[in-house]
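A.B. asks: Chain residues, written in single-letter form:
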Amino acid sequence: MHCGMCLPTCPTYDATKLERHSPRGRISLMRALADGDLELGSEFGKEMYYCLGCLACETACPAGVNYAAMFEAARADIETSGVLAKPKRNFVRWFTVKFIFIRPRLLRRLGQLLYLYQVSGLQSLARKLRLTALLPQNLRELEPLTPTVRRYFSDALIREVETPTPRCHRVGLLTGCIQDLIYSEINRDTADVLLAHGCEVFTPRLQSCCGSLHAHNGELALAQEMARRNILAIEGCAGPLEALDAIISNAGGCGSHLKNYAHLLHDDLVFAARAATWSRKLKDIHEWLAEIGLQRPTCPPQPQRVTYHESCHLCHGQKVIHAPREVLRAIPGLEIVELPESNWCCGSAGIYNITQPEMAGRLLDRKLANLQRTGVSVVASANPGCSVQLEAGLRQAARDVRVVHPISLLAEAFRRTNPRTEVNRKSRCPDDL
Amino acid sequence: MSLSPDSLAVLRDILGEPNVLTQPEDVIPYSFDGTAALKQPAGCVVFPQNAPQVARVIKFARQNHLPVVSRGSGTGLSGGSVPVANGIVLCLVKLDRVLQLDEKNLTILVEAGVVTQKVADHAAAAGLLYPPDPGSMKISTIGGNVAENSGGLRGLKYGVTRDYVMGMEVVLADGQVVWLGNKCVKDVAGYSMKDVFIGSEGTLGIITQVLLKLVPKPAAKKTLLATFVRMDAAAEAVSAIIAAKIIPCTLEFLDKITIQCVEEYARIGLPLNAEAMLLMETDGHPAVVEEEARRMEEIARQHGAESVTVAKSAEESARLATARRSAFSALARMAPTTILEDATVPRSELARMIRFIQEVGEHHRLRIGTFGHMGDGNLHPTFLTDERNFEEMERVEHAMKAIFDFAIKLGGTVTGEHGVGLAKKRFLPGAIGEGSLDLMRQLKRTLDPDNILNPGKIFDP
Numbered sequence: 001m002h003c004g005m006c007l008p009t010c011p012t013y014d015a016t017k018l019e020r021h022s023p024r025g026r027i028s029l030m031r032a033l034a035d036g037d038l039e040l041g042s043e044f045g046k047e048m049y050y051c052l053g054c055l056a057c058e059t060a061c062p063a064g065v066n067y068a069a070m071f072e073a074a075r076a077d078i079e080t081s082g083v084l085a086k087p088k089r090n091f092v093r094w095f096t097v098k099f100i101f102i103r104p105r106l107l108r109r110l111g112q113l114l115y116l117y118q119v120s121g122l123q124s125l126a127r128k129l130r131l132t133a134l135l136p137q138n139l140r141e142l143e144p145l146t147p148t149v150r151r152y153f154s155d156a157l158i159r160e161v162e163t164p165t166p167r168c169h170r171v172g173l174l175t176g177c178i179q180d181l182i183y184s185e186i187n188r189d190t191a192d193v194l195l196a197h198g199c200e201v202f203t204p205r206l207q208s209c210c211g212s213l214h215a216h217n218g219e220l221a222l223a224q225e226m227a228r229r230n231i232l233a234i235e236g237c238a239g240p241l242e243a244l245d246a247i248i249s250n251a252g253g254c255g256s257h258l259k260n261y262a263h264l265l266h267d268d269l270v271f272a273a274r275a276a277t278w279s280r281k282l283k284d285i286h287e288w289l290a291e292i293g294l295q296r297p298t299c300p301p302q303p304q305r306v307t308y309h310e311s312c313h314l315c316h317g318q319k320v321i322h323a324p325r326e327v328l329r330a331i332p333g334l335e336i337v338e339l340p341e342s343n344w345c346c347g348s349a350g351i352y353n354i355t356q357p358e359m360a361g362r363l364l365d366r367k368l369a370n371l372q373r374t375g376v377s378v379v380a381s382a383n384p385g386c387s388v389q390l391e392a393g394l395r396q397a398a399r400d401v402r403v404v405h406p407i408s409l410l411a412e413a414f415r416r417t418n419p420r421t422e423v424n425r426k427s428r429c430p431d432d433l
Numbered sequence: 001m002s003l004s005p006d007s008l009a010v011l012r013d014i015l016g017e018p019n020v021l022t023q024p025e026d027v028i029p030y031s032f033d034g035t036a037a038l039k040q041p042a043g044c045v046v047f048p049q050n051a052p053q054v055a056r057v058i059k060f061a062r063q064n065h066l067p068v069v070s071r072g073s074g075t076g077l078s079g080g081s082v083p084v085a086n087g088i089v090l091c092l093v094k095l096d097r098v099l100q101l102d103e104k105n106l107t108i109l110v111e112a113g114v115v116t117q118k119v120a121d122h123a124a125a126a127g128l129l130y131p132p133d134p135g136s137m138k139i140s141t142i143g144g145n146v147a148e149n150s151g152g153l154r155g156l157k158y159g160v161t162r163d164y165v166m167g168m169e170v171v172l173a174d175g176q177v178v179w180l181g182n183k184c185v186k187d188v189a190g191y192s193m194k195d196v197f198i199g200s201e202g203t204l205g206i207i208t209q210v211l212l213k214l215v216p217k218p219a220a221k222k223t224l225l226a227t228f229v230r231m232d233a234a235a236e237a238v239s240a241i242i243a244a245k246i247i248p249c250t251l252e253f254l255d256k257i258t259i260q261c262v263e264e265y266a267r268i269g270l271p272l273n274a275e276a277m278l279l280m281e282t283d284g285h286p287a288v289v290e291e292e293a294r295r296m297e298e299i300a301r302q303h304g305a306e307s308v309t310v311a312k313s314a315e316e317s318a319r320l321a322t323a324r325r326s327a328f329s330a331l332a333r334m335a336p337t338t339i340l341e342d343a344t345v346p347r348s349e350l351a352r353m354i355r356f357i358q359e360v361g362e363h364h365r366l367r368i369g370t371f372g373h374m375g376d377g378n379l380h381p382t383f384l385t386d387e388r389n390f391e392e393m394e395r396v397e398h399a400m401k402a403i404f405d406f407a408i409k410l411g412g413t414v415t416g417e418h419g420v421g422l423a424k425k426r427f428l429p430g431a432i433g434e435g436s437l438d439l440m441r442q443l444k445r446t447l448d449p450d451n452i453l454n455p456g457k458i459f460d461p
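Protein chains in written order, with the working numbering: chain S, 1 to 433; chain R, 1 to 461.
A few chain R residues that face chain S, going by a derived Cβ cut-off under 7 angstroms, partial list only:
no., residue
1, D26
2, I28
3, P29
4, Y30
5, F32
6, G34
7, S73
8, G74
9, T75
10, V93
11, K138
12, Y265
13, S329
14, A330
15, A332
16, R333
With a straight-line Cα cutoff of 25 angstroms, these simulated DSS-like cross-link-like pairs (lysine-lysine) come out:
no., chain 1, residue 1, chain 2, residue 2
17, R, K118, S, K17
18, S, K17, R, K39
19, R, K444, R, K425
20, S, K46, R, K94
21, R, K217, R, K104
22, R, K94, R, K213
23, R, K312, R, K221
24, S, K17, R, K94
It should be emphasised that the hints constitute simulated quantities derived from the structure, not laboratory data.
The model shown is predicted, which means the values in this text are computed figures rather than measured ones.
We treat Cβ as the ideally placed atom computed from N, Cα and C, and that holds for glycine.
Chain S on its own, in the form it takes in the complex (with noise of 0.2 angstroms):
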């Protein structure tokens, strides 16, 4: 099936009108590469690190290709093939993926010693006295998308397991490897927002990154690691994953590669089946709400204009729509204003502003157009990379515009509501109501 139905949705075609920068044209390629008609090089290499990997084109696909398989493999063989390879990128990419992606220890040592640089007024500083301009030059241009690290970790806003009275379910809670430096607070209003629907949490202290980093990069091996990490960090905090409603992601990039272990290590001798139960209990928090019952805060209206940008992989990848946008409505006061263009990428993408900075700034710049046009003060989204991403955008255009995420406002709401408590343990089981 080539019908080209995937053409308009996908945002390196749409900005180059070149059929190998879409879909259609990027399987044709690997197709070619199958078929024996084109030999793996470098360009073929680049074309498939030039996509966003949005999904954006699954979306629209009538015919349900996958996509999101096709494009993992291809990079999987670009890697193994060495087409690529580079010092630079040969160092970078062990530094990030191979090294501290996996270390999740290592990865809090460094996010401290970044928040003191930042707390410290050192940060400032090197920008005040331009020390920056002394790094290399796509450092340099990096350095302001550095996000601000948190004091405290999730592991220490968070307990192992929290229960609310009374108890209507038993969830895991991944709190994520960026999100954990940069957004902790966000683990902490999920919890919030779990306990006061009645979850009991569990909440592993030392939690790995998914693999999403490892199985978009070409290191499928290392994103299978990962995800029996993961199992066991679960089944270590809450015991049998059978004996959980759910595991919770909160993160739209990170959910789509975590429902995915299923297929991951559908040939792991030990872990297939486990992976088969964490897949099918894994569900975005939007999504988990929904499921049990959407409990509204009864706090009074703080009228509020705000708009939602769609992650790439909640909304494509998960196919997780309606529910983010159901939490934005149950909040009293907040009025939503629909984001043209909700779900075109934001140039994020993982680590695609990192290694695309043009094509990302170009999308980048797309999506402020677009907020600047619904006037709002505030936009919610539901992943790390897109809210650093567009925080930064933002900073740099200098428009006083707060990216939250809808369970925090939620959380915020439920605060509001009962303003005595600052963690909210007292639930309503949607039976008692």
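Using the hints, position chain R against chain S.
C.D. replies: Only chain R this time, still in chain S's reference frame:
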């Protein structure tokens, strides 16, 4: 003849370096259009930005006897824009400006590479309607629509692309740029030369600009969905609606397999257990719409409709139409290869044709999903097959021929809206007869004596 470095240097000189693609990774994605199982890599792909550039490329190609295949977004369904070996693919997507919307004359002037949806959006913004709405309108280009004389879901009441083309700019095979037609509703000054190029599939000239007619947007619209236990009952209902002198804007048919595939994609609550479904839409003056909807419901029920429901909102109507437009692609969920046919019969013969398609499928042990624009007699029986299974592909060939022969016997045609291209080439003589084919050949020889424009498509010279 292959493209020499010298030829490529000339093309780069005309178009600029980035607008001439030759690397395999750049060119392979242009080896096909939307048609299954047709593939041929091009010698190079070039992107002109304006008509003078097109003219220079064509002149150069003619001097050097290089074949030129024009192409828009590559969504055609008969292989019309599949490249010719070592030839030039002239991709017009960068001629994408909307030049003028004339609200006094109800026309819009656009470049050939403008996407059909954009034409529709511009018209809608001015309270007007551009009626032709082919299934691929979100990405197909208007130049491609004109070259293929595309149809769509509204053909029954509003006609096809041809009915909306008032004029065009064409680059001829000798590189001359000519303007054909104008904004006059009436014009009989000589032959209607624009009509020669509509549906010419890129074999007679390169269309670079199009002047289109627009109509006022209908004030009201109503969408009905009827289900049937038998496919031929749905066909009979359609014939009865036409015989009752009702011309709704849409009368779309989907069989069970198609309904299931479309529902799996669109998830809009289509009736999964129905054997057949009719999507009926009437538009116009609110009172007329009410009356027509009521009578269509009545007729559908008289012909055994199990249920008739009315879309509750404009959004629901739009969702139904969009879902229907995805039918062809959605069928690809069922099998690796989907071969889409375009047999068209007079509307009085619909039930016979539908029954015949079912019988042929059973006889040749093939799965056929059938949908189509029943209101205009245009059916799309789609073979769900696998091009790697040669034995089955042979049966597909036999079945296809049987369906075409029967359609012709009923006074129909082998292609209603997809064009001949490569896919229907061998069926063309049987459909139109030698006299008609000879006339086409003479025309081709006159306009393109060196046979450089999309050679080998529609017929051999």
